[in-house]
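Visitor: Using the sequences plus the hints, can you model the full thing?
So the sequence lines, in the order shown, correspond to chains X and L.
Under our numbering, the first residue of the first sequence is numbered 1, with each subsequent residue one higher.
Under our numbering, the first residue of the second sequence is numbered 1001, with each subsequent residue one higher.
Read the hints as simulated data drawn from the structure, not as lab findings.
On a predicted model such as this, the values are computed, not experimentally measured, just so you know.
Cβ atoms here follow ideal geometry from the backbone N, Cα and C, with glycine treated the same way.
Treat the hints with care, since some could be wrong.
Stated by the list, open to error - Rough simulated footprint, nothing fancy, chain X against chain L, three-plus residues with beta-carbon under 8 Å:
no., segment
1, 1019-1029
2, 1036-1048
3, 1063-1076
4, 1081-1095
Stated by the list, open to error - A short list of chain L residues far from chain X (calculated; beta carbon distances all over 12 Å):
no., residue
5, 1051
6, 1057
7, 1060
8, 1106
9, 1107
10, 1108
11, 1109
12, 1110
13, 1111
14, 1112
15, 1113
16, 1115
As the list claims (entries may be wrong) - Label pairs and their calculated CB-CB ranges:
no., chain 1, residue 1, chain 2, residue 2, range
17, X, 139, L, 1130, 38 to 46 Å
18, L, 1082, X, 192, 29 to 37 Å
19, X, 137, L, 1118, 30 to 38 Å
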Amino acid sequence: MHAYANPTRFLAIAKPLTPWLLGVGLLLVLGGAFAGLTQVPGDYKQGETARILYVHVPSAWLGMGGWTSLAVAGLVQLVWRHPLAGIAARAIAVPGMLFTALCLATGSIWGKPTWGTWWEWDGRMTSMLVLLFLYAGFIALTSGDANGTGGQRQGGTLSRGAAIYALVGAINIPIINRSVIWWNSLHQGPSITLRGSSIDGALLWPLGLTVLGFSLLFGAIVLMRMRRIIADNRVAARLRRLADDEGN
Amino acid sequence: MKAKHQRLILALVAVAGVAGAGVLGASALRDEAAYFRTPVEVKAGKTEVGEPMRLGGMVAAGSIERQADGLTIRFVATDGKASVPVEFKGIVPDLFAEESGMVADGRMRADGTFVADRILAKHDERYMPPQMGEMPEGVAKMAPKA
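Guide: And the structure:
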């Protein structure tokens, strides 16, 4: 694993990988959205509104998957002091928050015609909103410059406090996942479980395309943000050296 | 023991502790965090007459009665084990239907009827094309269910 701790080695892989993730991801999202909007039938009961699931489900997956990766990166940073892990955690936070917000927004738009309400404080919705706030807290905690201020260490990686915050926040992920099973909720139970899918195959396949497509886009965004953080660090390090030289 | 092993054990113990606290908290909230109560819970005496609450359940087949004023409806909410009659005056969501889930805001009246101020439709986890939804009950039920 430490072979990739070297930012130069990481960049050699990340740089050519980014356009592929971006291109294939965009194609899959566009293809899945086109198929989901025009090629498959609406739901037998909800009609056309069910089609929002082709954006809602990938958003929920990436919002929750984002925090899971962020927490794993926090752990790796905390235990192994892997410099890229902290950078990855910071890079994940913004797209993770974006997809969480997209999940809440699409859910709300779907909820109005289906349930008859934009928002209710049930277990699923409340725990997802908590995730949005966790992301906001993490971003606030780690925003600072690359000179080791504001929840960052020098080198743009995480402070110990921010890494612990990422780990503690992860407790919300199983709560979101189980919220519709533990508690009576307005949100329906899981459609896709290890035992199969209660979304009929005729409606399911575009979801596979958009889930994969949005995941690749997410990966591309994270790699781009990591490269940007690494570049910022190099600028900051060079400025520090220049300032030291002038001082001598 | 190397420092990183110490940190690993410390971090794992801390994560396990936080997870345990989370699970304990979540299970303590079991009743309080429920979005609605079911007819069984209502029948078990968990509610008082006049106390604001939410009732959730399936609308029993054939139970919706529209009253002469054109606005009031009566139906029976059931969870398979118990059922509670519900009265509501107003407009219900499009997806409100018999043999489909619903959640009602309101309170119990002394005669055992739940008087709703607002009704929301609950959707289940099944998604299928219209042709399948129109199939006879037995065939549609063969569709994979979570």
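Visitor: It remains to establish, for every hint, whether it holds in the given structure.
Guide: Hint check:
{"no.": "1", "hint": "1019-1029", "in the structure": "holds (count 6)"}
{"no.": "2", "hint": "1036-1048", "in the structure": "holds (count 3)"}
{"no.": "3", "hint": "1063-1076", "in the structure": "violated (count 0)"}
{"no.": "4", "hint": "1081-1095", "in the structure": "holds (count 4)"}
{"no.": "5", "hint": "1051", "in the structure": "holds, 17 Å"}
{"no.": "6", "hint": "1057", "in the structure": "violated, 10 Å"}
{"no.": "7", "hint": "1060", "in the structure": "holds, 18 Å"}
{"no.": "8", "hint": "1106", "in the structure": "holds, 15 Å"}
{"no.": "9", "hint": "1107", "in the structure": "holds, 18 Å"}
{"no.": "10", "hint": "1108", "in the structure": "holds, 17 Å"}
{"no.": "11", "hint": "1109", "in the structure": "holds, 22 Å"}
{"no.": "12", "hint": "1110", "in the structure": "holds, 25 Å"}
{"no.": "13", "hint": "1111", "in the structure": "holds, 25 Å"}
{"no.": "14", "hint": "1112", "in the structure": "holds, 21 Å"}
{"no.": "15", "hint": "1113", "in the structure": "holds, 21 Å"}
{"no.": "16", "hint": "1115", "in the structure": "holds, 18 Å"}
{"no.": "17", "hint": "X:139 x L:1130: 38 to 46 Å", "in the structure": "holds, 43 Å"}
{"no.": "18", "hint": "L:1082 x X:192: 29 to 37 Å", "in the structure": "holds, 31 Å"}
{"no.": "19", "hint": "X:137 x L:1118: 30 to 38 Å", "in the structure": "holds, 34 Å"}
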